[in-house]
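Trainee: Residues per chain, in single letters:
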Amino acid sequence: MRKKARKLDEILEIPIELSTNNPKITVLGFERLLIENYRGILEYQDYFIRVNTYIGIININGFNLNLEGMTTDDLLVTGRIETIDFEEVTEDEEEEESK
Amino acid sequence: MSSNRITQYMSGYVDIVVEGYYIERFINICNSRQIFLWNIRKDNSITLYASIEAKRFKDLKDICKRTKCKVKIKNKKGFPFTVKKYKKRKVFLILLLIIILAIIALSRFIWNIEVEGNVDISKEEIMQLAEEYGLTIGASKGKIDTKEIINNIRLERDDIAWVGIDIKGTNAIIKIVEADEKPEIINEDEYCNIVADKDAIITKVSAQNGTPLVKEGDVVTKGDIIIAGWLEGKYTGRQYVHSQGEVQARVWYTTTEKIALKETKKIETGNIENKYSVKINNFQINLHKSLPNFQKYDTIEENKKLRLFSNFYLPLELVTYTYKEYEEVVVVHSFEEAKQMGIDRAAETLKENIEGKKVLDKQVQVKAEAEYIEVQVTYEVEENIGMEEKIVF
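Sequences listed follow chains H and B, in order. Just so you know, we're using our numbering here: the first sequence kicks off at 1 and counts up by one. Just so you know, we're using our numbering here: the second sequence kicks off at 1001 and counts up by one.
Among the clues, some could well be false.
Which chain H residues face chain B? A few, computed with CB under 7 Å, are given here [stated by the list, open to error]:
no. : residue
1   : L34
2   : E36
3   : N37
4   : G40
5   : I41
6   : E43
7   : Y44
8   : L67
9   : G69
10  : T78
The hints are simulated quantities; they were obtained by calculation from the structure and are not laboratory data. Think of the CB as a built atom: it goes at the ideal place given N, C-alpha and C, for glycine as much as any other residue.
Chain B with its partners taken away, still in its complex shape (with noise of 0.2 Å):
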């Protein structure tokens, strides 16, 4: 047995047939002579099925003729043998090279930018920022400082708190955490007054620290101080303070919403067309020939790069369009159905300023007209109006 089925293969086999009457004889001889012989199978009474090593096939021939055997050869196998076979298939070989030479090119350059962690900003606008520091689609993967880019952005940026850059194979991205506005924080041992922030009623002034300088009832514009940072002592003078305390207050909150009576809808039949494109950079190749056949569609336009691996994106955009036919079917509203609708959209664009607060009132006003009506909503609304700010002398 040689050894082990690696060696086997390295050093190249063959499988062989034997035919003879005396076919133990061969295989006693062959062993005595060091030729070893293993996989041995007879399926008939003077048939042999043998594997042998490729060099000393030429040593069976004295054997065959003591042994009056016939010995063919059925197969080769092995390392020597498979790259004889590929010799003769040299343009095989040459375009495997060339496709490993063109993988292994096209993963020196970036093909795809993706920004993570944007909330405000938009990816865009980070990505225009990389692209004039260097990190464009196409870019060279070493030419790009990554640490130099970081910087630029972060001096550029004041809204952006933290950038890092990862390039994975041949996908950069752009991580980023956005800084939040800070208000401005004033220190517990500066002086300030508390001021409305809204024009509202004061419902309730309860100070902690400072004088209040209006009382339930009063109507305070944006501004106006309502809680003093300063003490009026008899003997001690004016003192200023730190003002603390709660100012509750009504606001308003008014919305007006125009509904028209008329509205035309669009409703999707369900039939889609799906056309696809190739597009290399800017290059772009149809699979498609015309326009889809529907009168009125949508188009949704779907980007997919093409990647090998998980991060090694390919210079190739699969552009897939869809068209989604339509149809405008007119609608036509009840006037309550109109009403309660503007009331709706009215809450939509005022959950920001009454969520979460005590809502005291609603009214509702509407005007009607031929082709719409107007709905104005107003809230109203409970909440703290107090706001600080500091005392400048």
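Looking at chain H on its own, in the form it has when it is part of the complex (with noise of 0.2 Å):
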């Protein structure tokens, strides 16, 4: 049923950001991050921010971070941003968070 649904979403050619809720991350420069498609966010201090996304977890480093404007969909971060890396979760990591 996914598959096909998938499919049908190929041949419509919608937008994979919007047919699925895989996070969306635009950097500009080095000092502007913006994230949408967000769930929540895990942990913030001025040089370390991690958001939670439907596919995994974002992990920010930098100095001076702030956020800058939020939403219920976007986020965006500006400071100097050193690295991005991302935790994905598992399934069965994301069984155990549904029970």
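Grab the two chains, each in its own frame, and use the hints to assemble them into the complex.
Mentor: Here is the structure:
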């Protein structure tokens, strides 16, 4: 069923970020980062931000990180961004989480 | 994000400080309840700075309880708060209003009149004329009918070819073009003589049309006919024509200059004192007390109209008096020096008459007296003295 839906999306050329829950991450220069489709903030320090999304966790390292703007689906981070890394959540973990 | 800065400002927002250990939870809950935060900063692990819409602030109380955070208001910003602030400062607002009203009221009058384009006619004359017809300093702009003033001035004065009145702000500019006094032009088909316009000795007469009545070496006085506007024929009789021709003659110009041998000269010592006063129409307020400390001085008065913008003159004038101290020094000229000065001055006074003409001779006569010398300078010049004159029958 899910596969068929995916096929249909592909035929209709619906953008992936709309058809799935994948986050869209836009980095503008080294000082602005926009995350669309996020679930929530797990941790916030001025040098480290952990953002939860539907497919995993995004870690942002840097200095003087600010959350310039927030809505229910986008998050704009500004500040000196050093690294961005992702933690993929395996399906087992997801199941555990859902339990 | 409450769409943009302007809406944020118009609806008012507050800067808050949140302290607590579950700040991430606080942010997430705010988000899920559609309370949008922006400019979120954190300076240590437990304090968080953020901005929030003023209306939604009271909703934070519940969230604080749940997350065990403390919220404080740091700053209130935006239009509603600004209005509140100025409600308390009534006098300030009233004064501001009065100033604005005063400026509007003042801008309805003329506070400065300028005259442009005048060469021979004095500025005062034109201002006086304009004043007669209603364009005065302090006149209301609405009452001034520029068209009527222009017409009246043109009716009154023949030597003004064109008048324009330009009202810019509180400044009225009268632009005029002076009419040249044109010499009477005699048409080609009218009969005329050529007469002498000065006393002179003729050096050359060449008539292209008409009969020359004088010859070289003749002395003519002003008004004498040189080339008559007719032709005498044996059979045709007297036939009138428009005479044409060139008349060169020697003319003398003489001037006498009196040069005092002893002359007192003013020499500025370089000491300058400035004094100011403010003038409102005819009422003057001196910003200084006494006259300057100099014994002998020249006074230079300079009026400056105050203005707000380039064309918005105020009915205020700043008058600057500059006092320049000078010393009187007696200079004694030698005879030769005085003579040279006399010649120079004579050349200056006769400049108009001899400029551009062929100078044949220059004679200098000096008469010495005890106190002064008299220098008489005579220039002999060759020039065209012919002038057309209509033949009246």
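Trainee: Now look at each hint and say whether the structure bears it out.
Mentor: Tested hints:
no. : hint : result
1   : L34  : 11 Å, violated
2   : E36  : 13 Å, violated
3   : N37  : 13 Å, violated
4   : G40  : 4 Å, holds
5   : I41  : 5 Å, holds
6   : E43  : 6 Å, holds
7   : Y44  : 5 Å, holds
8   : L67  : 4 Å, holds
9   : G69  : 4 Å, holds
10  : T78  : 10 Å, violated
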